[in-house]
Structures are given as structure tokens and as C-alpha cells.
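Asks: Sequence:
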Amino acid sequence: MEIKGKTALVTGAGMGIGALTCVELAKAGVHIIGVDVLKETMSDVQKQVESFGVKFYGYSCDLSREENIETFTKQIQYEGRSFQILINNAGIAPSGPFISQNFSVWKKAISINIEGVAKLTHSCLPHLSSQPEAHIVNLASIAGKFGSEGTVIYSATKHAVVGFSQALRMELYETKIGVSWICPSMAKTRMIDGVKPSAFTPVIEPIDVAKAILKAIRKNKGEVMVPASLRFSIVILPALFPRFALWLAVKTKASKGWLTANKGLEKNIPV
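Heads up: the sequence shown at position 166 corresponds to 314 in the working numbering, and the numbers run straight through without jumps.
Calculated directly from the structure, the hints in this document are not laboratory data. Hints are supplied without guarantee of correctness; some may be wrong.
Here are the simulated BS3-like pairs of lysine-lysine, each with C-alpha atoms no more than 30 Å apart in a straight line [stated by the list, open to error]:
# : residue 1 : residue 2
1 : K152      : K324
2 : K175      : K324
3 : K363      : K152
4 : K175      : K363
5 : K267      : K363
6 : K195      : K222
7 : K363      : K336
Listed next, with one range per pair, are the computed distances between beta-carbon atoms [what the hints assert, rightly or not]:
#  : residue 1 : residue 2 : range
8  : K195      : W395      : 45 to 55 Å
9  : G201      : K336      : 21 to 31 Å
10 : I417      : W395      : 29 to 39 Å
11 : I417      : T219      : 12 to 22 Å
12 : K195      : P245      : 36 to 46 Å
13 : R391      : E198      : 47 to 57 Å
Quick caveat, the model's predicted, so the values are computed rather than measured. We put the CB at the ideal spot given by N, CA and C, even for glycine.
The whole structure should be built from the sequences, with the hints applied where relevant.
Replies: This is the structure we're talking about:
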């Protein structure tokens, strides 16, 4: 896809990977429809995006609530906002021992990370199907390829994103809509605050994820690992030697940081 002049709808656009993705898209001449829980969190992103001579339209939407998504999609349709790229970036990562959190915390992760992605995609597909060409990008994680301690529900949600994306790409294979899913390691954003990394899960720069998203859209790539070298340790090794991979992950404390960080819901996430 030639992305210059296109418009992208980006969720979780207020900060982190979402904000950087908006800026990278703007540099490439892409207009932005930004979505976040609070519209005001996107004010800085809007200024950066518009400095590249493209347009930014900001909307607030709680993606954990189906009725909010329906209201939002009806609103942009009413306002005539056309777009060719959908980037499902918004997500939350509570962590800790599975039994330690009130289940409402885990349920919130499921509602945003899985239901929000599926519902928004479902609502946007009729519009994307009407475009000459379109692309959908879903932010998964290495946790979507290999479950680990401290991330039981987060891993479950990201496995769901991977499966959803793979099946959707197959279903849309003979159409003009491409589907990509991005599986990054721990990106240096506030999401990993208080989480101690390990050699098994290297910390990467969020700009690397943003650039991988743009490349996936341009080249219609399916699954993208960031960094690419993770494919051996996260995909190939567990497939060939599942018992050894599990032993290695436990012994190297690959995700112990998530277990001990015991993260709850972020302050800007309504219960």
C-alpha cells in the first residue's frame, strides 16, 4: 500500500507506541483519527502530527464498552471521516499472580485487549471494504506467542489477538484488505514501569515498534516480531523443544519482573 495521503484510525493514540505511530504516519503524509479514553491526552500528539502538514481528528472512547464503540463509529460516519488504515493499538497490561488480583481487573484487560479489538474491527470493516485498498494492524506481543508467569490474563488476551488476526487475514486474503499483527518485546513505555526485564525479554525502543507498523502496512506483512531475532526463542524453540523452553523460561526468570511488579489498572482506565 502507498500510504501517503491515506487516513489512519489509531487507538491508544495519546501516548507510548500509539503516539509515536501517529507521528511516524504523519511524517509519511498520513492523516490521523486519534482515539483514546480521554481526548485531552492527545493534545501534544495532535500538535506534532499537524506540524507535518496533515490533519488530526481526536475522539474519546472507552474501548472496554461496546456501546461506546458503536457511538464512536456512528459519530465518525456521521461526520464523514473516511479512513483506509485501522490500527488497534490500545491495550492494558495488569500483571502479578493470577490469584492476587480481583477478577474485575482481569476482566477489564479482556474487555479492552480482546473485545475492544474485535468490536471496533467488526464496526469498521464495512467502511474499510468500501475503500480501494485498506489495512488492519493489531498490536499483539511476544506474550501472544509464549505464555509466562505474571502475565496469565495478558498472555491470554494477546494469544487471542494473534489468533484473531491470523484467522482474519485468511478470511480477507482474497480481498483488498490486508491484516498484520505486531509482536514486540518489552517496549520502553510507561506500561513496563516497575517491571524488571530479563535477557529472555529484551527492552526495545518504542520507535522500533512504530516503524515496524508502517513497514507491515506498506509490505502487507502478516506476523511481525520486534526485534526479528525473537522468532527463534519465542516461536521456534518452544515449538521444537516445549519442555526445555518452559524450563529455560522459568530458570532464567524470563517474566519474573511481571510477577513481582504486580501491576493493577492505570489511573486513566475507568473501572
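Asks: All hints, please: hold or fail.
Replies: So, going through the hints one by one against the coordinates:
1. K152 <-> K324: Holds - the C-alpha atoms of K324 and K152 are around 17 Å apart, at most 30 Å.
2. K175 <-> K324: Holds, at about 25 Å.
3. K363 <-> K152: Satisfied, since the Cα-Cα distance of roughly 13 Å is no more than 30 Å.
4. K175 <-> K363: Roughly 14 Å between the alpha carbons, so the hint for K175 and K363 holds.
5. K267 <-> K363: holds, 25 Å
6. K195 <-> K222: The given pair, whose Cα atoms are some 26 Å apart, holds under the 30 Å limit.
7. K363 <-> K336: holds, 20 Å
8. K195 <-> W395: 45 to 55 Å: At roughly 50 Å between Cβ atoms, W395 and K195 fall inside 45 to 55 Å, so the hint holds.
9. G201 <-> K336: 21 to 31 Å: For K336 against G201, whose Cβ atoms are near 29 Å apart, the range 21 to 31 Å holds.
10. I417 <-> W395: 29 to 39 Å: With a Cβ separation near 35 Å, I417 and W395 satisfy 29 to 39 Å, so the hint holds.
11. I417 <-> T219: 12 to 22 Å: Because 19 Å falls inside the window, the suggested range holds.
12. K195 <-> P245: 36 to 46 Å: holds, 41 Å
13. R391 <-> E198: 47 to 57 Å: The hinted range 47 to 57 Å holds for R391 and E198, with Cβ atoms some 53 Å apart.
Hint compliance for this structure: no hint is broken.
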